[in-house]
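Asks: The primary structure of each chain is shown beneath.
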Amino acid sequence: MTGAAADVEPAPGGGRHTLFAALGVAAGVALGAALGLVAFDQTEPPRDRHIVVRARQYAYDPPVIRVNRGDRLFLKLVALDVMHGFFLEGHDLDVEIAPQQSTFKVRHPSRPDDWTEQEEVVVIADTPGKFRFRCSHTCGSLHPFMSGELIVEPNRVLHAGLGACGGLFVGSVAVARRRSRSASR
Amino acid sequence: MQVASTPKRPPAPAPAAARSKHPSDRAGVDLCAAIPGLRAVLKWRPLQFWLMWANLVCFAVFINAGLFGSPVGSHNIMIVFVWILWWFLLIALLVPFLSRFWCTMCPLPAFGEWLQRLRLIGVWPGSGPAKHRTRSLGLSRAWPRALQNIWLQNGGFLGLAVCSALLVTRPIVSTVVLGGMIVLALGLALVYRQRAFCMYLCPVSGFLGLYSMTSTVAVRVKDRALCRGHKEKECLLGCAAGYGCPWFQYVGSMERNNYCGMCFECFKTCPHDNVTLYLRPFCSETGIKGVDEAFKAFIMVALALVYSVTLLGPWGVVKDWANASESGHWGGFALYALAVVGLCLVLFPALHLGAVALGRRLGGGPAVRLKAAFVGFAYTWVPLGLLAWIAFSVPLLMVNGAYILSALSDPMGRGADFFGTATVAWHPILPEWVPLLQAPLLLVGLFYALSKSLQVSRQLFGPPARAVPAVLPVWGLATAVTAVFMFFFAG
Ligand code: SF4
Ligand code: SF4
Ligand code: SF4
Ligand SMILES: [Cu+2]
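The listed protein sequences correspond, in order, to chains A and B. Here the first sequence is numbered in this note's numbering, starting from 1 and rising by one per residue. Here the second sequence is numbered in this note's numbering, starting from 1001 and rising by one per residue.
Hints in this document: simulated from the structure, not taken from any laboratory. In this text, a Cβ means the ideal position worked out from N, Cα and C, and glycines have one as well. Be a bit skeptical, because a hint or two may be false.
Covered, in the sense of this in silico footprint (three residues per stretch, anywhere, with C-beta under 8 Å from a C-beta of chain B), are these stretches of chain A [to be verified]: (1) 61-75; (2) 84-90; (3) 125-139; (4) 154-165.
With beta-carbon atoms standing in for the labels, derived distance ranges [to be verified]: (5) Ala30(A) to Ala1339(B): 45 to 51 Å; (6) Asp48(A) to Ala1416(B): 23 to 29 Å; (7) Trp1315(B) to Arg72(A): 44 to 50 Å; (8) Leu1147(B) to Ala174(A): 43 to 49 Å; (9) Trp1086(B) to Arg177(A): 53 to 59 Å; (10) Pro46(A) to Pro1440(B): 27 to 33 Å; (11) Phe1068(B) to Arg111(A): 37 to 43 Å; (12) Thr127(A) to Trp1315(B): 23 to 29 Å; (13) Glu44(A) to Val1346(B): 38 to 44 Å; (14) Val1183(B) to Arg177(A): 54 to 60 Å; (15) Ala1465(B) to Pro46(A): 24 to 30 Å; (16) Ala1465(B) to Arg16(A): 16 to 22 Å.
Hey, can you work out the whole structure from these sequences and the hints?
Replies: And the structure:
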C-alpha cells in the first residue's frame, strides 16, 4: 500500500517519498484518533436511571438509550403488541417480554436455561461503547432488523473513528501539498 | 450468429495517462503461470456448466422453499442463504478478490444460454466462414443502441432497493423476483444475442461490474501486440473450441473488469494461449466511463446509507414506512421512496457535482471538461462504497449467522432436521465487536478513496500543483460521507 498522496508515476527517489507519505498519513490517522479519544473522554459522574422500554413490531421506544459510564440502569420492559425479546449485546442479558404483562422472563445467555421472572432488570453500564439490543423472539417480518441502541459514553470507537477520518484527511492534504510544492520547485 | 458485428459500449475517451499506459503492461502476477494446472482448469469446457449446475440445484431448493416453505424469512433458506450468506460472500469476498467470478456460476442466465447453444457443454459449430463459426438459436438481434448502457440496471436496482424491506424478509417476494429474472433472461436470450440480459438488465450486474474494478484478479491478454497482429480473433468470433465472448468484450484490448463475466471462453478459444488471469493490487483500475457508471457509484453509496438507517437503525417509523405492505403506511412509503430516489439521483450527485466544479476551479482547469471531471472523480465512491457495503454486511453475518445452521437442517422452516442443527438457537457472534470492525473498514475505504481520486486528478489535471487543489473538495466530501457512516455504525 502506498500513501494517499502517492503519485501516479513515482517521483525521483520515489521509494523514500512513498515511505514519507505513508508515514505522514499514518501519523495523521493516529493523531486524529488520539485527539478524538482525549477530547471527548469526560463524562458526568455515574447515576441511577429508571427507564421504561416499550417494544413493538419492529422497534423499541426509546430507540436510543444514552448513558454515562458507571450509570446503573433500572429497566422495565413492556411489549405493546406481540411477544418480543431484548438481547443486550455485551451484557450477557436476554429477556422475553410477553404482551400486557408487568413481569418478564430474564436469562443470561452464558447460562441459557436459567430463566427467572422479574419486574425490573438492572444493567451496570461499566463498559463504554455502542451496544445494540435486539429482538430475540421471532415476532414478524422485520424481526431480524428490530433493534435499539445503548450508547455508553465515552463512545470511544466513534470518537477515535471520527478523529481518524479527520486525521486521514488532514494528513493526506499535508503530504499532498508538500509533494506538489516540491514538484513545482 | 454475427458475433463480430455486435456493437460494443461506445468507447468513452480514456484519460490521457490511462491511454499512455496499458494496464496489461503492468498487470501483475500471471496466475496461470504461477499456479500449475490453473490454465487447464479454465480451459476445461465443462467447468462453467458444472458450476452453474451446482448453483442451479441450490437455487431450485431455494425456489421450492420460497414457494412452499415457511413465510417467516429467518426460518426459510431462500432468505437466509440468499440475503445473509450469498450477499456476504459476494460483497466481502467474491467481488473484491475474484472480480465477477459470481457471474461464472450464476444460475440466472443458465437456461437462456443453454438454449441459445442447444448444448450444455459443447460448442454448436457453424458452417460458414469467419462470422459464422458458431451458431445460436433464436433471433440473435442486437441490443438497441440507446439502451447499450447500464441505466436500466441502475433503475432496476433502485426499484428493488426501494422495496428491499419486503424483498429481504419475505421468501415469496424473493422467489418471485429471482424466478422472474430467470424467465426474463430466458426470454431475452431467445431474442437478443448472447448475454444481453447480463450486460444491460440484470440489477446485480451494475454493481458487480463497478466494484469488480477494485478486484485483485483480472482476465487480460499477456501480449497486446500479438492480438493486433492476429487476424482470426477467435476470442471474439468463436471457434470449435469455444464461443466468441458472450459479453461482447474484445479481450485483446480489454482494460477494465466491468463487463467481463469471467466465463473463460477466451481462454478456450485463443489459439495462442494469450489470455490469462492476473493477480494485482486492490483498486488497480480507476477509469469510470460514462455518466451511467458514475450514477451507479452514487446509487451504491447512497443505498448503503439508506440501509444503515432503515435496516440497521433503531428508528421504528422508518421501518414502518419501508414495510408498508404490513404496516399500511402507504403515504409514508411514498415519502420514503421519494427520499431514497432523491438521495440517490439528485442530492448525492449534486453534492458530487458541487465538489467537482469547485475542484475544477481550484485546479484552474477550464481545459478539463466538467463532465470528464464529474465522471472521472466518481471513482472516489467506488472503494468507499465497497468498503461501506462490506462494513454494512459484517453484522448481517455475525448477528444472523446462526440462522444459516438452522436453515441448513430445516430449509423450508417446516420442522425437518437433516443435520441436527435445526434447533440451534439464534445467538449472535461477538456482536459488541461489530463497530470495532466497521470503523477500520470505513477508514480503509476512505484511504483508497483519497489515494485513487488523487490519481484520477493527476490524469485529468496533470501536474500536482493543479491536481492537488483540484481534488481537495472531493476529498472533503469523501471524508464527510465517511464520517456520516461512522456515526451510523459506531455512534
Ligand atoms: S450479470 Fe447478473 S444474471 Fe448475469 S451472470 Fe452476473 S449476476 Fe448472473
Ligand atoms: S485470439 Fe488470442 S491472440 Fe488472437 S486476438 Fe484474441 S486473445 Fe489475442
Ligand atoms: S470471453 Fe469475454 S467474458 Fe468471458 S472471460 Fe473472456 S473476456 Fe471475459
Ligand atoms: Cu420483536
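Asks: Taking the hints in turn, state whether each one holds.
Replies: Hint check:
no.: 1; hint: 61-75; verdict: holds (count 3)
no.: 2; hint: 84-90; verdict: holds (count 3)
no.: 3; hint: 125-139; verdict: holds (count 7)
no.: 4; hint: 154-165; verdict: holds (count 8)
no.: 5; hint: Ala30(A) to Ala1339(B): 45 to 51 Å; verdict: violated (38 Å)
no.: 6; hint: Asp48(A) to Ala1416(B): 23 to 29 Å; verdict: violated (49 Å)
no.: 7; hint: Trp1315(B) to Arg72(A): 44 to 50 Å; verdict: violated (27 Å)
no.: 8; hint: Leu1147(B) to Ala174(A): 43 to 49 Å; verdict: holds (47 Å)
no.: 9; hint: Trp1086(B) to Arg177(A): 53 to 59 Å; verdict: violated (45 Å)
no.: 10; hint: Pro46(A) to Pro1440(B): 27 to 33 Å; verdict: holds (30 Å)
no.: 11; hint: Phe1068(B) to Arg111(A): 37 to 43 Å; verdict: holds (38 Å)
no.: 12; hint: Thr127(A) to Trp1315(B): 23 to 29 Å; verdict: holds (25 Å)
no.: 13; hint: Glu44(A) to Val1346(B): 38 to 44 Å; verdict: holds (42 Å)
no.: 14; hint: Val1183(B) to Arg177(A): 54 to 60 Å; verdict: holds (56 Å)
no.: 15; hint: Ala1465(B) to Pro46(A): 24 to 30 Å; verdict: violated (55 Å)
no.: 16; hint: Ala1465(B) to Arg16(A): 16 to 22 Å; verdict: holds (21 Å)
Hint compliance for this structure: hints 5, 6, 7, 9 and 15 are not met, and every other hint is.
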